[in-house]
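Student: Protein sequence lines, in the order shown, are assigned to chains A and B.
One point on numbering: in this note's numbering, the residue at position 343 of the first sequence is 330, and numbering is uninterrupted.
One point on numbering: in this note's numbering, the residue at position 57 of the second sequence is 100, and numbering is uninterrupted.
Since the hints were made in silico from the structure, they are not lab data.
The model shown is predicted, which means the values in this text are computed figures rather than measured ones.
A hint or two may mislead.
What the hints assert, rightly or not - FRET-style restraints, in silico, Cβ to Cβ:
| id | chain 1 | residue 1 | chain 2 | residue 2 | range |
| --- | --- | --- | --- | --- | --- |
| 1 | B | Lys46 | A | Pro485 | 33 to 43 Å |
| 2 | A | Glu531 | B | Pro152 | 39 to 49 Å |
| 3 | B | Arg67 | A | Pro630 | 19 to 29 Å |
| 4 | B | Ser86 | A | Asp311 | 52 to 62 Å |
| 5 | A | Lys314 | B | Ala115 | 27 to 37 Å |
| 6 | B | Ala115 | A | Ala714 | 17 to 27 Å |
| 7 | B | Lys46 | A | Pro630 | 35 to 45 Å |
| 8 | B | Lys46 | A | Glu266 | 25 to 35 Å |
| 9 | B | Pro152 | A | Met278 | 28 to 38 Å |
Glycine included, C-beta positions come from ideal geometry on N, C-alpha and C.
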Amino acid sequence: MEQADRFHLPFRWKLTLLIISVCAVSLLAAFTSYYVYEVLRFQNDVNQRLESTQRLLREGLVANLEADPAGGTLALNALRNDDTIVAAAVYSPENKLLAKYIKPGSNEFIPLPQRVPFNLSTTRIVTIKELRSPDGRFLGKFYLTADVTKLAADRFGDALRGMVIIFLASCLLAMLVAQSLQRGLSAPITALARAAGRVAQHQDYGVRVREHGRDDIGTLIRSFNLMLQTIQQRTADLEVARKNAEDARERLREANEQLEQKVAERTAELERAVTAAKEANQAKSSFLAKMSHELRTPMNAIIGYSEMLLEDATDAGEDRTAEDLRKILSAARHLLGLINDVLDLSKIEAGKMQLYLETFDLQTLVHEVSSTIAPLVDKRKNQLVVNCAPSIGSMYGDATKIRQTLLNLLSNASKFTENGRIELKIDREIADGQVWVIMQVTDTGIGMNEEQMGRLFRAFTQADASTASKFGGTGLGLAISKQFAQMMGGDVTVRSKPGAGSTFTVRVPARVKPAKSPYTVVEKEAAQQAPAPKGRVLIIDDDEAVHAVLTNMLTREGYSTRDARDGKEGLRLAREYHPDIVILDILMPGMDGWTVLSQLKAIPECATIPIILLTMLENKEMGFALGAADYLTKPIEAEKLLPVLARHAAPHQRESATVLVVEDDPPSRELVVRMLTQEGVAVKEACNGKEALEALQSGVMPVMIILDLVMAEMDGFEFLRQIRPHAEWSKIPVVVVSSLDLSTDAQQTLKSQVERIFEKGRFAREDLLREVRESINQHMLNRPAAPGAAPAPAA
Amino acid sequence: MAKILIVEDNEMNRDMLSRRLERRGFTVAIAVDGGEGVAKAHSEMPDLILMDMSLPVIDGWEASRQLRADPATVAIPIIALTAHAMTNDRDMALKAGCNDYDTKPVDLPRLLGKIEALLPKSPTSPPPP
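The following block holds chain B by itself, in its conformation from the complex (with noise of 0.2 Å):
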């Protein structure tokens, strides 16, 4: 079962995103600022990480960078969740070091296809005919 570790500080959001993975069979680990999502990315090794960018003590950026500087951590998907829709938002967050880019609110199906595009193996892929 894929692990997803979820960088958010707004409890709604974080709530409701680790509620509806977890319906989906994503096991959902938490942080609530840029320095614990570093931290708990090398405590939990997730298998993808949904990275809010506007976040506390450090930016999602800033954590994002740190993670692909750190040869533990280089090789985890990170997708970048922002509120700001607009496209330096993703030329940013790729150039930080993340994977993939959705705005917020989340579309739930949309980011569940980018999730599933950047797991090795998706759970929820439906066997190939």
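The following block holds chain A by itself, in its conformation from the complex (with noise of 0.2 Å):
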């Protein structure tokens, strides 16, 4: 801590108090070997006189003996004079004393010349000479005593005196020296040690210390001035850049304050432009659209006379004036093509296409399209395959739509494609969540390259200029299928190469999302409502992609399924749905499937409904306690699943659904028998027509008769021929499962009054088995929709 504090001084007394120090030290170290010096003079001095006294002394003593031995007379008053002595004795050589002197004032003694003490002070001087005649003979001793203190006193006394007189005296002019000094070495230091604190308190740079000499300091406060100066430009620099920056800001925020004003004013243009453009293409479109229906009437009339005229020059035989209204015939229908085709797209770009969202069978659709197109296809002699499994089941989605893309690009393949192979594939793909049908129209035709494929999806642009008068078409519907596959949430795609090929891909949800579209949507709520063969599913997940998986597996398998992704959504739908089954998540967020059970089961008209538990969580007991009716965990298993909802589904629906079978043959009926009843539908048999009508006289009224033709007692057609009279049988749907080879005509009678004919043995058990299902579709439907109470039959 001392040693902190001195360093605490400032500097200028450090430097001081050094000068000091070093002129004291130097000083001592003088003053101490001049008195050393002086102690050893004086002695010296003191022994010389006393040595000579004693001499002169001796010699008169000498001579004062040889005249008298006995030297009473001895004269030693002459050593009053001097004024150090202060003891003297003349002893006989028998050491008797002879004569003896002592100072007045003194208390001094003479001892005997033995016992004379050792000379031990410097300032008392002791000494005893014997005394001899000039022949050596003893005489006697001289004893002699001499005290310089009062000498020593006087002399050292002054020089003490003198030497503190000139310390002091030296630390004063050290004094006034390190002042002095301090002026031309501390000064500058103690300078720059406040132009430091200066700077480093005010950040003042603008400080500069006076320069001071070439010595070490000098170069210090050069230094120093200088790294101030090359601080100051630095700063200066920097405050020079900063303001620039801070300038180039602030032009920039004007700049972009100008840029933004000038954005802003751009897009409103642009948005009037836009709006105005929109209506101008409205105004185009409904133009357009009603141009189009205006079109349409006078080409009405057109075709409608051509084919008359056609039709009395068939008759007439006049072939020439036939293969003309022929070609007129074939020109009007081209044009009501483009017709309809600017129309659409005038609809589409008005924003007046609508969706119309329905539950449809996919191989329904496929065998229409199918048979519509053939004789296109053969036109060229191209091979159609198609290609779609029969479980392949339903969507929902705009059925006209997907039939019209389908007849466009098959259509297109049959154009583009001669001696070739036309291929039609419908697949299911599960992707994003979510279940995806995917038709693919693939032919072996001349193939695109990638500028034609660029511009194939774009209105009035065909892959070729010269394709459009050799191939016709209007180059229309590639760019309208397209659009209607994205008014779905889907879209068309396409692959080819030159000489290889196309391959035409459409890809639309197997459930139409209609919030997805911002399409107006028209969505059939009764169709969706429907009663399902088996019976309405509601889905309670929150998961998406389990909906996706449940809805695809429940629909192929004749179930008609609704969505609710939370539990109130669940309840609500419950309460509106009336669904057969409830198929339960239990793990959701908000309301858990604990809860929506037991709120389900606290709702009279929803406490009979069979719930299914469908969850990752292992919990039994609670969902029994709870009053579910089934439990299964989750990954979801077809095997596991189907069976429950087979056992649950409520079986008083089809208790009333029977089917009417009437067949001769055994075995056959036995096949269809089992058949429906592996289905769960009540079957009424009957061997031949004539059992059937006393079936249906017996007050059997089933939603569907199956029927061979062949028959002893009474046939198919005879049957057939009974019941159209009766009011409540001929609306029966009849499906004929017959070996019989029918002639067209015997074909064109059954079809007024059959719903469908199918050829024994090669038709496929779930053709049979649709065809069932929406038999007993429109029996619910057209049944009193009173939940849970089963329709009486008729009795």
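Take each chain as given, in its own frame, and dock them per the hints.
Tutor: Structure below.
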């Protein structure tokens, strides 16, 4: 601490102290040596003086003693003149005191010669010398004591005083010197320290320390000043740079503001332009739509009258006229096609194209499309291959637009392919958490290059201007198809190489979501709510993927489904939709499955609905305790879920759904009956038309009749004739299953009364079941919609 | 012989359709707007009505509804004809009480099939084998 404190002293004080200390130390050294020297010299002087005094006395004494050995007359009184001699004595050789002198006023005594004390002090000098005659005779002894205390005191007292005075004077001098020195030495350092302090405290880089000499401090100060100058320069530069940056920023901000303003102006302009363009486009579209409509009416007349004339000409055998009329008809139909396409496009552009969503069977659609397109495919000797699994099931979308799209693609494929193969392939896939229906039309035709493909889907452009004239078509079909697919949340894509054919892929969600489409959507609530043959299932789960998988699985199996994404929606739909079964997840955000389950059980009209828990959770006891009908754990397994669903699907719904099977061949009948029973459909059997009639008369009111044609007693034709006049019976859908090779006329006759004709042994089980399901479906629609109340069959 | 009432405002379409149907042995009655259509349905009691939807006075949908609401005409089958080839036209027609639906320009064989299907006993259908 002391050390540190000392360092806190200002530099000039330190310097002063240093100088004084150095001064004091050297003075002390000088004084000490001087003193030692003085002491030695003083003793030497004293001794010499004493020696000379003694010698003088001894000579006198020797003379005296030679004369009188008793020496009583020895005069020692002369010693009185010497102030320093305090005692003296003369002894005879026999040590007899002969004479003595004692300084008056002193308390000296004369010792015996043999007891003379040893000289120990510097201020008291004691000597004892023998007195001998010049011939060497021993005459006696001479004792002398001198006291130089006073002398020494006089002498050293002065010296000490002088030294103190000199010391003090020297210190004073040193201080003065230090003071004057510091002006040259410490002052610059102090100034430097002050300047540094100012710089540190006030960031004042303008301070300069006065320069001072060429020594180290001078260098230090110069360096310091230089450093300050550099810093000042840098700071100034920095300030300039900062100012520049600020200016730049300011300018930038202004520029931005201007830009923003400009952008806003331009955007507004653009918006106005877009609005104007949109309005113009809409006006154009609605004009086109109106014009197309106006065009169709005369087209109607042209086609109609041409057809009439063609019929006349054909009847009259006027072949050339008939040929010309055919050309007119063909041209008129082409023109009508163009008008229809323009109408479609303008509707899409005007935002007036609507989606009509319904659940429809994909295989039925594919059959329709392929039979429609067949003549066109045959025209260029192409082969049509349809690849569609019977289990493809149904989808929920706009059937008309999908049909039109497929017809478009197939008709294109037919136009650009000769002696080739055209394949229509329908498949399902699960991607992005939902089920997609993939429809592919692949041909082995002329194909396209990249550039042609790029133009393909744009309206009013075709792969080549010449193709239009060569192959016909408006070039609008693909643009329309793509728009249709996009309206449904899907797309149409193409893959092709020149000379290597083309593949067009239509991809639409198996369940088109109305919310995703910006277009007006007309949902067919009736179709959606129509009871499926197997039952209506409400799926309550927060996982989109579960909905996708279950909807896919269940619609394929003939259930209709409704989706609820949370418990609240589930409860609402359970009330509105009256499902036959509820599939319920437990772990859901918000209201969990347990709550939904107990609330459902508390709603009177829902309490009887079987609830199947389908969850990751393992807690069967809890589930059954709360009233669940069954408990399944995820992952979803069709083999487990489907039997459980079949068991719980409301059996009363199918009790009334009886199918009458009229067949005389027992194995064939057995086959159909087993198939239907497996499906959960009640069956009434009849061996021929007569038995069937009797069954109907007895009050059986089947939802459908599966009829063989060739039977004993009463055949199928007769049976149909019999039931036709009957108001109720004539409405029952009839499906013919027969081995009879029917003539076209017979088929035509049957068509009016029969839903479908299956050739025995050649029909797919699924197809027949679908017919049955549809009939049951229709039956359910027509019955009074009292939930849970089974309609009584007509007695 | 089945009698068909054609309700159609366009003269050419009316003329064409009536002549083509007559050639096939039908008796044809004509109405030029919805109001006349309803009146003719009562006075002529046709076996079937071909109803255009865009009609003056009252349109085809309204005419169909009126016919369905009247016990005298409730049983007469109605086929709606419209130039709008949209599904909702069919739905609207069926909702209005029509039994079937076809688009214009008329595809005669198709229309005949629908007519025959709706007539209790088709005059042109060949006898069953």
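Student: May I ask you to test the hint 19 to 29 Å on the CB atoms belonging to B:Arg67 and A:Pro630?
Tutor: Roughly 56 Å apart at Cβ, these two residues miss the hinted range, so it is violated.
Student: Does the Cβ pair B:Lys46, A:Glu266 satisfy 25 to 35 Å?
Tutor: violated, 50 Å
Student: Does 52 to 62 Å hold as the CB distance between B:Ser86 and A:Asp311, or does it fail?
Tutor: Given range 52 to 62 Å: violated, Cβ gap about 42 Å.
Student: Is it true that A:Glu531 and B:Pro152 lie within 39 to 49 Å of each other by Cβ?
Tutor: Roughly 48 Å apart at Cβ, these two residues keep to the hinted range, so it holds.
Student: B:Pro152 and A:Met278, beta-carbon distance inside 28 to 38 Å?
Tutor: holds, 29 Å
Student: Holds or violated: the 17 to 27 Å window for the beta-carbon distance between B:Ala115 and A:Ala714?
Tutor: Once the Cβ atoms are compared, 18 Å apart, the range 17 to 27 Å for A:Ala714 and B:Ala115 holds.
Student: Falls inside 33 to 43 Å, the C-beta gap from B:Lys46 to A:Pro485?
Tutor: Between B:Lys46 and A:Pro485, where Cβ atoms are some 60 Å apart, the hint is violated.
Student: If I claimed the Cβ atoms of B:Lys46 and A:Pro630 lie 35 to 45 Å apart, would that claim hold in this structure?
Tutor: Roughly 57 Å apart at Cβ, these two residues miss the hinted range, so it is violated.
Student: Is the gap between the beta carbons of A:Lys314 and B:Ala115 within 27 to 37 Å?
Tutor: With a Cβ separation near 48 Å, A:Lys314 and B:Ala115 fall outside 27 to 37 Å, so the hint is violated.
Checked against the numbered hints listed earlier, the structure breaks hints 1, 3, 4, 5, 7 and 8; every other hint is satisfied.
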